[in-house]
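If you want the building blocks of each chain, they are given just below.
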Amino acid sequence: MALHPDRLFPAEPGTRAIARRLYEAVAGLPIVSPHGHTDPSWYAQDKPFPDPAALFITPDHYATRMLYSQGVKLQDLGVARRSGEAVETNPRTIWRLFAKHFHLFAGTPTRLWFEHSLETVFGITQRLSPETADVLFDRIEAAIATPEMRPRALFDRFGIEVIATTDSALDDLAHHDAVRASGWHGRVVPTYRPDAVVDPQVSGFAGNLERLLAMTGEAATWAGYLNAHRARRAFFQQRGATATDHGHATARTENLSQADAAALFAKVLAGRADAAEADAFRGQMLTEMARMSQDDGLVMQIHPGSYRNHNPSLFADFGPDKGADIPKVTDYVLALKPLLDAVGNDPKLTVILFTLDETAYSRELAPLAGHYPALKLGPAWWFFDSPEGMRRFRETTTETAGFYNTVGFNDDTRAYLSIPARHDMARRVDCAYLARLVADHRLDEEEAFGLAGELAYGLAKRAYRL
Amino acid sequence: MALHPDRLFPAEPGTRAIARRLYEAVAGLPIVSPHGHTDPSWYAQDKPFPDPAALFITPDHYATRMLYSQGVKLQDLGVARRSGEAVETNPRTIWRLFAKHFHLFAGTPTRLWFEHSLETVFGITQRLSPETADVLFDRIEAAIATPEMRPRALFDRFGIEVIATTDSALDDLAHHDAVRASGWHGRVVPTYRPDAVVDPQVSGFAGNLERLLAMTGEAATWAGYLNAHRARRAFFQQRGATATDHGHATARTENLSQADAAALFAKVLAGRADAAEADAFRGQMLTEMARMSQDDGLVMQIHPGSYRNHNPSLFADFGPDKGADIPKVTDYVLALKPLLDAVGNDPKLTVILFTLDETAYSRELAPLAGHYPALKLGPAWWFFDSPEGMRRFRETTTETAGFYNTVGFNDDTRAYLSIPARHDMARRVDCAYLARLVADHRLDEEEAFGLAGELAYGLAKRAYRL
Amino acid sequence: MALHPDRLFPAEPGTRAIARRLYEAVAGLPIVSPHGHTDPSWYAQDKPFPDPAALFITPDHYATRMLYSQGVKLQDLGVARRSGEAVETNPRTIWRLFAKHFHLFAGTPTRLWFEHSLETVFGITQRLSPETADVLFDRIEAAIATPEMRPRALFDRFGIEVIATTDSALDDLAHHDAVRASGWHGRVVPTYRPDAVVDPQVSGFAGNLERLLAMTGEAATWAGYLNAHRARRAFFQQRGATATDHGHATARTENLSQADAAALFAKVLAGRADAAEADAFRGQMLTEMARMSQDDGLVMQIHPGSYRNHNPSLFADFGPDKGADIPKVTDYVLALKPLLDAVGNDPKLTVILFTLDETAYSRELAPLAGHYPALKLGPAWWFFDSPEGMRRFRETTTETAGFYNTVGFNDDTRAYLSIPARHDMARRVDCAYLARLVADHRLDEEEAFGLAGELAYGLAKRAYRL
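Chains A, B and C are the protein sequences, given in the same order.
If you're matching positions, the first sequence starts at 1 in our numbering and goes up one per residue.
If you're matching positions, the second sequence starts at 1 in our numbering and goes up one per residue.
If you're matching positions, the third sequence starts at 1 in our numbering and goes up one per residue.
By construction, these hints were calculated from the structure, which means they are not laboratory data.
Here the structure is a predicted model, which means the values were calculated and not measured.
Don't take every hint at face value.
[To be verified] Derived EDC-like pairs: lysine to aspartate or glutamate, alpha-carbon spacing no greater than 16 angstroms straight-line:
#1 B:Lys73 to C:Asp346
#2 B:Lys47 to B:Glu141
#3 B:Lys328 to C:Glu210
#4 A:Lys328 to B:Asp331
#5 C:Lys73 to A:Asp346
#6 A:Lys47 to A:Asp134
#7 C:Lys328 to A:Asp295
#8 B:Lys100 to B:Asp76
#9 C:Lys267 to C:Asp346
#10 A:Lys100 to A:Glu148
#11 A:Lys267 to A:Glu210
#12 B:Lys267 to B:Glu210
#13 C:Lys73 to C:Asp60
#14 B:Lys267 to B:Asp279
#15 A:Lys73 to B:Asp279
#16 B:Lys73 to B:Asp60
#17 A:Lys348 to A:Asp295
#18 C:Lys47 to C:Glu148
[Stated by the list, open to error] Computed, partial: chain A to chain C, Cβ under 10 angstroms:
#19 Met215
#20 Thr216
#21 Ala220
#22 Glu395
Cβ coordinates follow ideal geometry from the N, Cα and C atoms, glycine included.
Go ahead and model the full structure; you've got the sequences and the hints to work with.
Written out as structure tokens, the structure reads:
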């Protein structure tokens, strides 16, 4: 199963040769990872990773959801229960169960990421199977005990130039401070994610709001609340943040008068906002955040369209982020209009849009990003961070929005070892796309080299102001 | 026009060679046909087919709709009028009219199925045209008079291991009994299709309901009605059924309390349910059927999203199933939630979802099937049972749901001769897809052989419990 | 950057060779341009084009929107402000600004059209860049002063057999009359576009309506209004029109009783129709127009689904058609039903449907056009008039609707020089599509030759009754 040097390149030999040349030019570029979910404590504490199951299986909802869909229980994969009830804790047992079902991943990006990590990080070129499970477990277990496998060593080995984490607005960013205080050279920056203090329907919202106001010393008024955000954004910026991130169920925005917004906030504060008002409030806050971005220069990311926790009994047992978030039809044309009416023509603002509804690419997102100076398109996200997904992204956006209204690649992952695998996949798929344009003479090869570098490195760095 | 051995394979020679190898390994596998609309009387009575027009044209809405769209009248193709008014009855005249318009089918699967049947069943390698119409008619007419062209002989010649028909819940399954009583070796099983006794808006519903209760000796209560279904399901199961099928306008499900469901049933029974209540009742019955499947093990199929009889004047003249059913936008994420909340986590239940809205594959269906243990994805259906449709199905589902949350191929046809043609097309297109994954090193060729067998045979057999 | 003879053909050599043969057979066919937005005064007056910026940049919203999306101001591209405030007027300055940003168009059809025009019209094979800007400007400026670059000379050089313009229902068609009076051989026909007198929400509607009635001498009644349309349609037909065109926000149609329609018209006339009534009126008028087409034989085009003037501040500054129209989700199945119920089964009527929502192709449009005798599918439109867009159009419509329910190509442009470039692109992409069907043996090459001619020429000519 050793990784083939031509993987993910077009099969037609002439086109493959072009793709190979383009890829060779960008394969070694540093990784700019402007959006993801790695744990900042890894960089601060530089502890070894615990075991193969914790490294590859238990926390990875891509891995556990596939097995769950085929009847494997999450507790048997070591996923903790909210009740505290016992779950499987033997990493080898979990690993064997995963190995037994590994054939399910044929044709998926999870399989490609996993095998890229096995080979490039651990030198393993055997496929995982019930027969090889123990050998692979032993090799990985032995390797992660070595200093070369610590987070900071891997950071260098992976060629990471800069990585952004995603952090609650209430986070003290102590791990980020510790990284900076340590004198280590790695660049790790936070991202301001205020959902917990913006979404009235999030669990614990009232307490979160109280804490936000307390930690900034602001009054419980609309003006105070906005100031509190400004203060926290500044706090994040002082620690290197260049972006904010907003995960809402829809892309709805609002642009109420400040008086109406204040009245709505008062209801939200009092816990009297109904579902429609909560939704309006979230929409209003996207526009407020965009206005703050006009002032402080933070790039704004909007990740809409996921129906979170679709499976209530699974949620009751295991909590969020266990593979039960399902994409929904997502409108942008009407939803974003209030925000765009307010700030869409500002070329100094950057709002990066993501989608889980691929139909929006050619119909809405490329036309919007190909017009509004403030808009850019984030890369293919989540279920679409895959060879076919990335290909469709380019095929449905480039003709209308070009390359320069896109922002390169985001790995968006909490799986540290998959970072180089994901960037490598994106570079290969983008080079394959460019090679096809060269092969049918839509681009010259010379300019394709320039574009390959932009897609792999330049666009992300510039768009995220890194 | 002789069938090319490499048809539907990728053009790139290396990839084509892989596809050819994969296809050779599965081309001769038996046909498992777990969902379709052949007439059980064919197997019971084993009579010769009447004439070439009746075999290929008049009953085939794929064929007649294309000619109708270009101005040909259905009565001139022999389609019976509800009024009893005369229609064309000379099969040769109908055949010639079809031949005159046969160029319309260029690029369609209908053309490929038709020519596959001509060559493999009748040894005809001439293209149908006004010039060849009579010769072909004569050859087919002569052939269908021979014993080799009787349904049972073709069953063996086609290599059918098992075929499922689709039968009204009220059907006495006499033809199925006759098949079994005859001692013939062919395996023909019924499928429980209760739409006529579940959908309050179907014509004749009140009488159907009465008949259902009468034939099961159940009371006209909610409990009696559910028991009647249970009894009929058992009756079908005794005759070999392994599945139920549900064709609703939407995928809406409900999970009312039993008291509310009983009250709703009372309204339905009294003929007082309005459109919204009828819709709720259909939704409730999907969940009830899923619960019964948990008990009796019948696999449940849901075929939603067709706007039936979109053309009222055509419907008035010719009735249903005449090519005027049009797909609609279909939601699954919200629609299925009540059913999934109730039974979605049961790994012993199998609910197979179909769609006519391809946008749902990557956005909703693959994410749902890649999570819920009870869900699997049916193959590309109806308008999408085609080379491009099947390719898009794999490209938009595999990366998220893998291969093992899909269920192989359904021919879904009432055109007996097209069965081997359709399975052959599906095997070719799936092998072409796998070959592309091998060619760009997403799969090893060795595992692609295993998957090709699963897609052609194994998955259908296991998913439908055949 | 010289145009490669194999551009837009499949990379696989065997398939490319087929595409090349097909293309050679159709490359030289005359251009039938049945729908577009060229200015009839060009043909009437045959004046030279003013300057390179006016020819290629300032009036072309494909060009200006891309630069605007990257922060360039429209006034700096010479786009006039409604306020009359000064904008850039030096064509060379505008040209240089465009050159500086020309790299943005990599991968877009705009780039391909532009370079096709440079080479085939001006003999320029250098890529536009800041370095080459002045040289190219000078060459183009010199060329457009020559008689060979006048509109009528280009008409012949482009091989245009017939071109349709799009004209307001209120237009006196004086330019069309002048063309005919001039004795010039070029065939230029008008198209009846009544939006300004059909849409109560269009600015100036009341005055438009008054003018319509005045110019036809009809009474301000529903019957008079319909007669006025009939008179204007006849006026257009006398000047060569074979088609009407309707650009609505949605595809909604209505089929009210004539009494209800008259009452609705009275409200519209009085300026008392609210938004819902205005929408119903537009819907009713589509059905009325279809009925008039049954009488007078004009082909009806429906172009729905664009959210016009999405950017209000840009609209306030610069007016409509400045790149701020954004596609929307568009339903056809329910929206068209009233019209189809009324006239859909008439094989003598031709209604050509367009979409900006590609999801409708396989789900709704191909199934509708593959059934209703009155319906045909227009080519990939606007943002989708591109290599990938045209490929997706064929891949998602052919299997269900075939080729003969489509109508060839529309260039739909106001950019005169892009007409041959656009037809050339469409011919190449269609030949590439056909070549793929030949390469995998879905079509014989011989019949592909016939189809290539139909797609390039025959279908448009027949569908538009030219």
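We went through each hint and held it up to the structure:
{"no.": "1", "hint": "B:Lys73 to C:Asp346", "result": "holds (11 angstroms)"}
{"no.": "2", "hint": "B:Lys47 to B:Glu141", "result": "holds (14 angstroms)"}
{"no.": "3", "hint": "B:Lys328 to C:Glu210", "result": "violated (41 angstroms)"}
{"no.": "4", "hint": "A:Lys328 to B:Asp331", "result": "holds (9 angstroms)"}
{"no.": "5", "hint": "C:Lys73 to A:Asp346", "result": "holds (11 angstroms)"}
{"no.": "6", "hint": "A:Lys47 to A:Asp134", "result": "violated (24 angstroms)"}
{"no.": "7", "hint": "C:Lys328 to A:Asp295", "result": "violated (32 angstroms)"}
{"no.": "8", "hint": "B:Lys100 to B:Asp76", "result": "holds (13 angstroms)"}
{"no.": "9", "hint": "C:Lys267 to C:Asp346", "result": "violated (31 angstroms)"}
{"no.": "10", "hint": "A:Lys100 to A:Glu148", "result": "violated (29 angstroms)"}
{"no.": "11", "hint": "A:Lys267 to A:Glu210", "result": "holds (15 angstroms)"}
{"no.": "12", "hint": "B:Lys267 to B:Glu210", "result": "holds (15 angstroms)"}
{"no.": "13", "hint": "C:Lys73 to C:Asp60", "result": "holds (14 angstroms)"}
{"no.": "14", "hint": "B:Lys267 to B:Asp279", "result": "holds (13 angstroms)"}
{"no.": "15", "hint": "A:Lys73 to B:Asp279", "result": "violated (35 angstroms)"}
{"no.": "16", "hint": "B:Lys73 to B:Asp60", "result": "holds (14 angstroms)"}
{"no.": "17", "hint": "A:Lys348 to A:Asp295", "result": "holds (10 angstroms)"}
{"no.": "18", "hint": "C:Lys47 to C:Glu148", "result": "holds (11 angstroms)"}
{"no.": "19", "hint": "Met215", "result": "violated (37 angstroms)"}
{"no.": "20", "hint": "Thr216", "result": "violated (33 angstroms)"}
{"no.": "21", "hint": "Ala220", "result": "violated (35 angstroms)"}
{"no.": "22", "hint": "Glu395", "result": "holds (5 angstroms)"}
Going through the hint list in order, the structure does not satisfy hints 3, 6, 7, 9, 10, 15, 19, 20 and 21.
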